[in-house]
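Chemist: Residue numbers (my numbering), protein chains in the order written: chain A, 14 to 511; chain B, 2 to 840.
Everything labelled a hint here was simulated from the structure, so no lab data went into it. Certain hints may be false.
To be verified - Computed from the model, here is a short list of chain B residues facing chain A with C-beta under 10 Å:
| hint | residue |
| --- | --- |
| 1 | D359 |
| 2 | P360 |
| 3 | R638 |
| 4 | N682 |
| 5 | Q726 |
Unchecked claim - Beyond 12 Å from chain A on every Cβ pair, some chain B residues (computed):
| hint | residue |
| --- | --- |
| 6 | E67 |
| 7 | Y77 |
| 8 | T154 |
| 9 | E156 |
| 10 | D762 |
| 11 | Q815 |
As the list claims (entries may be wrong) - Derived coverage of chain B by chain A (criterion: at least 3 residues anywhere in the stretch with Cβ under 8 Å from a Cβ of chain A; other residues may be distant):
| hint | stretch |
| --- | --- |
| 12 | 93-106 |
| 13 | 189-200 |
The model shown is predicted, which means the values in this text are computed figures rather than measured ones. From the three backbone atoms N, C-alpha and C, an ideal C-beta is built for every residue, glycine too.
Each chain, letter by letter, is given below.
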Amino acid sequence: MMNNNPLEEELLMYSRRHFFGKMAKGVGAMALGGMVTKDLFAKEVAERKLKQVAPTAKNVIYLFQSGGPSQHDLFDHKPKLQELNGEDLRDHIQMTQRITGMSVGQSKFPFAGTVFDFKKHGESQAEISELLPHIAGIADEICIVKNMYTEAINHDPAITFFQTGSEIPGRPSMGSWMSYGLGSLNENLPTFVSMVSRGSGRPNCQPLYDRLWGSGFLPTQYSGVKFMPTGDPVLYLKNPEGLRPSLRKKMLDQVNLMNEAKLKEFGDPEIFTRIKQYELAYKMQTSVPELSDLSDEPQHILDMYGPDVHRRGSYAFNCIMARRLVERGVRFTQLYHMGWDQHATLPKDIVGQCKDIDQPSAALIKDLKQRGLLDDTLVIWGGEFGRTAYSQGALTKTNYGRDHHPKCFTKWLAGGGIKPGMTYGQTDDFGYGIVDADGNPVNPDKHHYTPDAVHVHDLQATIMHIMGIDHTQLTYQHQGRDFRLTDVHGKVVKGILS
Amino acid sequence: MSHIIFKTKKVIFLFLGLVILALLAIFFTQEKANKKVKKIDYNKDVRPIFSKTCFHCHGSDKGTREADFALHTFEYATQELKNEAGKYGIIPGDPENSAIIQRIYSEDPDELMPPIESVHKLTDEQKEILTEWVKQGAEYKEHWAFIYPQKTTPETEAQDPWVTNDIDRFIKDKHQELGLSPSQEADMGTWLRRVTLSLTGLQPTPQEIKDFNEALTTSPKLQAKEAVVDRLLASPRYGENMAISWIHAARFADTDGYQNDGHRENWPWRDYVIKAFNENKSFEQFTIEQIAGDMLENPTHEQLIATSFNRHHRQNAELGALPEEYLVENVLDRVETVGSIYFGFTMSCARCHDHKYDPLSQKEVFQFSSYFNNIDEIPTGRGIQAEPILHSPSLFANEENFKLVAKKSALRREVETKLETELEEIRKELRLTTIRNDDENDGRYERRITRLAKKKLVKSDELQKLEKELDQAAKLANRQPRPHSAKVMVMKEAPGIAPTYLLQRGAYDAPDKSEELTRTVPKILLGNQEPPKDRLELAQWIMSDKNPITARVIVNRMWQHFFGTGIVSTVEDFGSRAEFPTHPELLDWLAINFKESGWDMKAMNKLIVLSSTFAQSSKLTEANVDNKWLTRGPRFRLNGYVIRDQALHASGLLYEKLGGPSVKPYQPEKLWQSVAGSLSNTYEESKGKDLYRRSLYTYWKRAVNPPRQQIFDAHSREVTSVTVQRTNTPLQSLVLLNDKTFIEAAVHLTTKVSKTVSNSDEALKAIYKTAIGKEPNETMLNLLKESYSIYENDAKLNQEDAKLFLKGYIEENQYNDQLVALAMVAHTIFNLDEFITYE
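Excised from the complex, chain B in its bound form (with noise of 0.2 Å):
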């Protein structure tokens, strides 16, 4: 026996052996053969290292460059070096003599580049790269982002049986090329869990999950699911939950910064945001009034209140600050702000000198700055005084509006739907008839059908009933009394040009007055255009096919939004030194398709979530664990505006309503006046239903951050920012453990739950179900059980203490030790890794 086993042992290990060599043998060869064919590619393998290591002396800024010799085009790289005549930086195809090559392998200290006391070291892989690069004739390219976006075809067929939808394709691309597989998919309640906190920052509820169940058993699963999204699509709550990452990019706050940091109004610039994401507004209407609302023809008030976009700077009202210092800080702020959220890199590391690694000289950043120097505007002081300033309520009209314009919503889904259903008839009316299938990619193709379908649409009578209907939730919501009027600041253009003048070392006392500058884009991305001679011209530049960057920068956010990561994943830098695209050829078809469905939001989220590559499971293995290629699905924490806004919902306490004025939640006592100036720091909460609005409402204090949110890696709002942050900190334990709001949620949550069930166990299901949207497992359910004995006995040796921990959520007399125990499982539950992650 022992024998056989030995003996089989042995022709397994000698099998074993076999295989391995053999596999060996075939890596080795296919890397010599990869190697053999790798063509080295300029963008993608040799600009990251020149830009790293070799630009910041040898690069573009003619200020800090050494040895008068330059690497970032190939006209200096491969002049007669200044100091060594005969001498060649780079000789294409011929590495052994091109001083660059034998400079980084040289022995010499003195030779050696990088020089041996800087922070940067080439790896044997980086200098391999540089070489055979020059071997292959050192071919330079301009930087992948600065060209326009190409639609390409993916190899993989759209019948693939993984695909369902034109974003997949490409991920599979990606896949067979390394030879990955995509993870098996999630099952549907995690799925309806992740779409419902990506689309809407809430958890689905225990009937949305059932209604979700049953429809899958009577519809194809694409169907249920679409509905899914359709519905979360329609909700007033998208507009709310996608307005957070814009009001942090667009710094956004309700106070003016600096050291007085006094209250401002601008908040019905929010009500805009909402609005526009709930309505659907195109993402170049979105822009276009943002940017230059006010210099459109008749302008209306919400276009007006659009452009506050460009005056969230703050604004210095610290007695003794000098207006002219002030205004060019405004103003570049603007240059920041609008640089950084359209052109993906930021302008003001050029103000003081020429940029070290992307192509933009001093000179542009204030040229640029041109298009926002000249509304007459109050540089310090107050926010509220600074004019230009323009009065207006609540984009919203009152306290119903919520229900109001889910109703519209609804409304015009069904409409949109009725449309959908008309438009494949005109299709197929049309293909049967006067078009020829080669014509069907043709943009006029599909806005001839619209036109028809739009038509045919009016002559419709129950269409007419429904448009009908909407007019009148509208007419309901405007004849509401206006609450309290705000005092916004807003860009009202004045006539003529400011003069402008390059600031030396970007001093506000030192302009160059010897060169009046004139206005104008960046000749990187404006090419030998014809310059934008107005802010408007400006904003319809940036959104026209001409400018080869916006599409893209808006769509990698995007992408960042739903899979935590963007595809290029330094989203706020699309400069030299960003990360290379992980999936160009899809970055560049998305940014192409949301530019021809005519900038639709919804529909490129619609896209997104209806993915194959979406809907996989999460679970990590050692092969996908930073996920670059997306062989799983999404795994990340929670911002702490949703994390809030979950237990506030599932609690029931949260108070929907859209709009208005910010308001003040709990918030540890004396946290202002611990550090603000005594002007501005007294923190009144607010009272009743608006202790319990959702976050993004929250007052937001510069110099003191909600607490919750900048625990939660919340950027502070003082300046712009694109980028999320995800940490990981003890401080946000102590959040979940300790803050009042989670305490009076869990409290609250158990005893809604309470009325619906009749025994403990039901009860321990409901409230996971309510607190985290999906049904608990097996293991769960044994661990809620477990707890729910510990704490009840507990609570029944401790019934004082118990008492105290429930006091003011419950009236006295409504205690017992199984809701105590129950509302300790419900705070358990909040404080999980589950809760706060987006899985």
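Bound conformation, chain A alone (with noise of 0.2 Å):
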């Protein structure tokens, strides 16, 4: 658009100097979008002056299963549940966690033990369901992490709590203070990016909340930017009607030269970044485009993510688009699988649930590493909190549903500087607590560390760690406090790290 202008350069010479006068002087407005050529944007994050810790990932992909996956009869398998099946869990285990309104008012807690098979898979002899056949089959690429814990116990609080640090709004989302401390990396595209699917488990029940990919308090450019399952990939993208690209362009050059002349007249830096990011959202208009287009994918590409792939807003779509957006330099993509929630008739529901993620999630894995990218990518896998080992509603012999239970649950890791082919941490034989090597419960709570168990502030810190950022380090100060994303907690997991 104005390539090669002289103009452009005099005003990106003054504008610079403006622009920064005004960060040695903290107002930093020049809004770079999570979408700012990355000059600009390394400057604006050596002034933060972080101490960094040598990174082993450049980008991440979180695989975010929202309603909280059964960790039962996925990844921690109990024999001795089958074996108590239907009884009590109070003649076993004393009953210390908090349980939601759902089932507190049951009579009865019977242990529901799973109906799935589970098998030791690869050379790490992990311990996979039937239920996900393409994820035994990374076996020996992925890290499992037994012992997560958390405190909330409703999903909207979980949910927040996991991708804000804080369970009550307000806080920024971990992408945006990954794009606040670490800038991007391309020069097209936002920093962040979400994007959302709905799954066969419980298809009208589990809802999301944009505050989930929001900035919170930091500047409104650290949010994700949400790419929609249908209508225009990004809001507003989409030229109106009748108006040709080329009729586009011309309107643009008459807008930025009529900005121009305001720039020359009111010497406003902000003017320069307004003209910058019209370029910017005239690129993105391409290359969002050209990004969602899967047509230049080989066919043992497409094939290898599932049939899902074509179907757009799809979680298998979603895969293979973190991967393309990680090809371009997106330093994080987050996306959300909706539909966990098995309360009732688990047996049934999640069996659709787990082959609209199972493929592709493998896929995912093997598509990066064929490419190299496993090793610059960290990717995770996981919900808010784990599920009840006791039935809610009666048990049958073929039926029962979870509660939520925040006490035990399972996430997995894989990629750029995460050890693969490893599981990490157990629980007891009941799949109620977490227990030490050697057995032992252990209690933990966040004000209480221990090695033995992952806590939410754990996790944070230990992505931020792989990304290169000391969690204790990246601070913003709003309300007169320096908030981070792991409060006043968080230990690097480092058992989990090669």
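Take the two lone chains, each set in its own frame, and fit them into one complex as the hints suggest.
Modeler: Spelled out as structure tokens, the structure:
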């Protein structure tokens, strides 16, 4: 649009002078839009004087499984539950966890052993359910963490806690912190992208909220840009009817001329930024559709992700998009797959839900690996809490449901900086609580760190560590306080690092 | 020739050299002199360093205190060190032997403070400040925000030619002190646009521009300006515009939030706010009604609706949400909102432990919460069922209300003008007879005058007639059929006092039952006063002279509204880590003046916009980029509400109607479905005129905010927020480029203007003037013409596309190439920095 324009050079110099003057005074309003040219961002990031840790990854793909996948039926096999199937939990364990109002009134808490088969896979001999055959196929690439725990027992606070470090809204999401702390790796796309898909497990019930990729009190340019499952991939991306790209370009040239005249008159660097942002918006109008167009993918790659890959808005589509985003230098890609909230008819509903994610998740890992991108990319799979060992509602031979359970659950990680082919941490025979290596129960809470359990803040600290950030150092002053993603907690889980 | 030039040059260089030397000499002597006399002020110079760098480990929170050493009070700091006998943290007057000074300069990594691994470092300048402060005796002061405002007299005289009112005297004092000078006055067109946008959130119309220009030729400038300000303050648009930031601060929304995010109906409260601003309710009354309207004697319906202020918290309707847990969340959300709006600091961060920087204990937070936990509420489930509930229609009665209110305001203005004239006369009379000069500053004197004036007014026939008309207008408004009734969540104090305990680590299930807490306000604000007994007394205390902080906090936010930044730039934080006020004397003066005016919001606004400070040109120079010292006028991006409203206003599509339920303007398809829960994910676009209401009436869903507002930095309204963000992103460009709202408005603006002009040049001028709200300059006009011819040529060659572009906005037979070219120009204008900027 304005390449090699001498005026632009002049404006650039002019504006930079202003801009850096501003930065030095800490005003820093040069909006980089989660999407600014790399050099400017680098400068801004450098201003923050972070004490850097050597990064082991450049990008993150977070495959969030919203609703709380049942660890009992996927990764954390408990033969004991099958053995004691139907017996009341209270006869075996002293119940200490918080339970939701949904099952608090139950007269009986019958153990519900999984109805699914588990087998050991790969050299690592990781135990994985028959529901996830493709993930079982990449057992040696992933690190299964079985000793996760959290505090919240309702979806909204629990997901918000995972993504922002606080159950109460208002804090920046993890991707926003990353954009803020690390800056961009590309010139025509956002730094932080979020995508959502609906699962077959409970298609109509698991909502999400914009705040999960919001920037909280950080400036809005660090928000995740939501890629839509229908309509324009990015809101307002498409030119209006009848406005051909060539006319749009003419119009933008006129807008720029007028804005330049204004800049000359007023000298406000914000006008210069505005001009640059129009340029970037125009670039996005090409780069985003190009990004979402899978026609350049060879058939065998598409086949890897499974048949759903052709359906825009599906988890499979989002997975291949995630890879394409990483290829184009998008720093943080956040997927959400809804529908993991199996309070009732779990054995029936979880089958489809697993099918949604099994093949695409595994394909993503394999695809990244074959392109040499896995070393630079941290992939995380998991939900906001686990599910109970007992059945919510009546237990029958073939049917049970599971309520929310914060005391232990499973996630897996793969890629840059993560030790592949290992299982980390363990839970007791009932899958009720976390135990140490000798099988002794540990009762962790965030105020009393124990190396045998991984708190939400510990996972956050670890993700940041892998990305080269000391989680105690990346702070932002708001309401008189230095906030950070991990609040005043969090320890890097060294045991899962390669 | 060349020789002479050479010589001249040499002389010039020599001369310049001497001048520079002389300047340097002056500079250094001054610098030295400054250093010599500079008195280090604890509040301004030292506390910010301590707060940022030291208090985390050596402050008021015992839980995180290191080495049992604290710096937050003189007593602690000067004690003998616990683990180093014979040594003292600070020895006043003796920096060399003060441990803290030794530590900050230490070369031993084990000794160095802040510790080597800390994220905080001290600059050399900061080290010097601390050293000098200790040397000067290490005098501690109470944090400035907790000391009562003091009225001071500025040095600049009221007669100074630059000064219009007292605000300018304080601003000029600072200019003088720093050797700065103000910018020249902005041209009157720019001023008119600025003042109209700031008070009504819309640009001036061509007619208003014309009227003002005429007034400027027939009356003195100040008088013409004052007439504009009075007109704007009397416009019902004023209340709508001022309500926006209050709504955000009060986290008002149309849904419950949390997972299910169901519909709620607290919108009559929004009517209350708009009405209060328009009627210029005193800020004192405004506050008392919202915090404790239910506890007033025989409260009116409106006063009860006002209390919804404390019920805009989210409400968890997720199956299985525990009532006892969410009762705590709701109550603490009230604490946070009231604290943040009225005290300017966050209380929620002392929910789990004592505050690290401010003297606020965890216990005090729960004591304060006890004012808000006694309403027998239903803490979970849907908002519309969450008793206490009050059914209410809109507080504005009917469709014609906007015009009626406008008429009423105009009448009232007339009455007030008369009153003002009468007042002047009475003043004169009194001055001649009984009152001595030095009594004039006494508030009692003014009150007496007003009483006398009112008595006189009652006698005036003409005014009585006006009053009658006013009454009639009001009656007419009330006779209209009531629209549907909303279920408004309100406060309703229950008998007795609900027992309150400290919740350990802030957890609802860990109350410390060893001590039942009594209600009180944090000591840092209350001092040794008797604590307010209940919510009503609390509201009264907040607005009383006994409260040191609220007036400052409120005028500071008002200042932010007009200038873009507060006098305290951290509007959300007046605690010890707050930015020191740029103009502390002005802040105090405004605070006191606001109180003394009877908390008169319109009067304060008027004072600000008529000042010379506000009237300056906003052109930037290297020296005033951040405009900290107000040496130029404000220039910043408008909020998303105003941006859309301006487009609608320019186009003539804007449907002005006051109050009522929220409406649903255009929004990209399936935006809600992509994310939100199935119980509440159908966005049914409003019909007809309701598509074009002002943006403050746009339905606010918490899970998925209206995208235009979100992209233009609006907060999500889930929790209170008083800060303003102004980013500049490509997503904003995409909205202006491709959102149907702006294209439709561009086409309508064009068809509207085309009816009144005879050629394209006139049309271009009129379009620009209507959209931007001021006349185009020569450069702009040429660019508009150039654009027009480009678009017209394009349309000629691509008529099918051009028709498609206008399709749906005009009848097909209306089409011509000129119209589409003009519409493209209008749309170009909506995309200009100028259109979305307050300057």
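Chemist: So which hints don't hold here, by number, going up?
Modeler: 2, 12, 13
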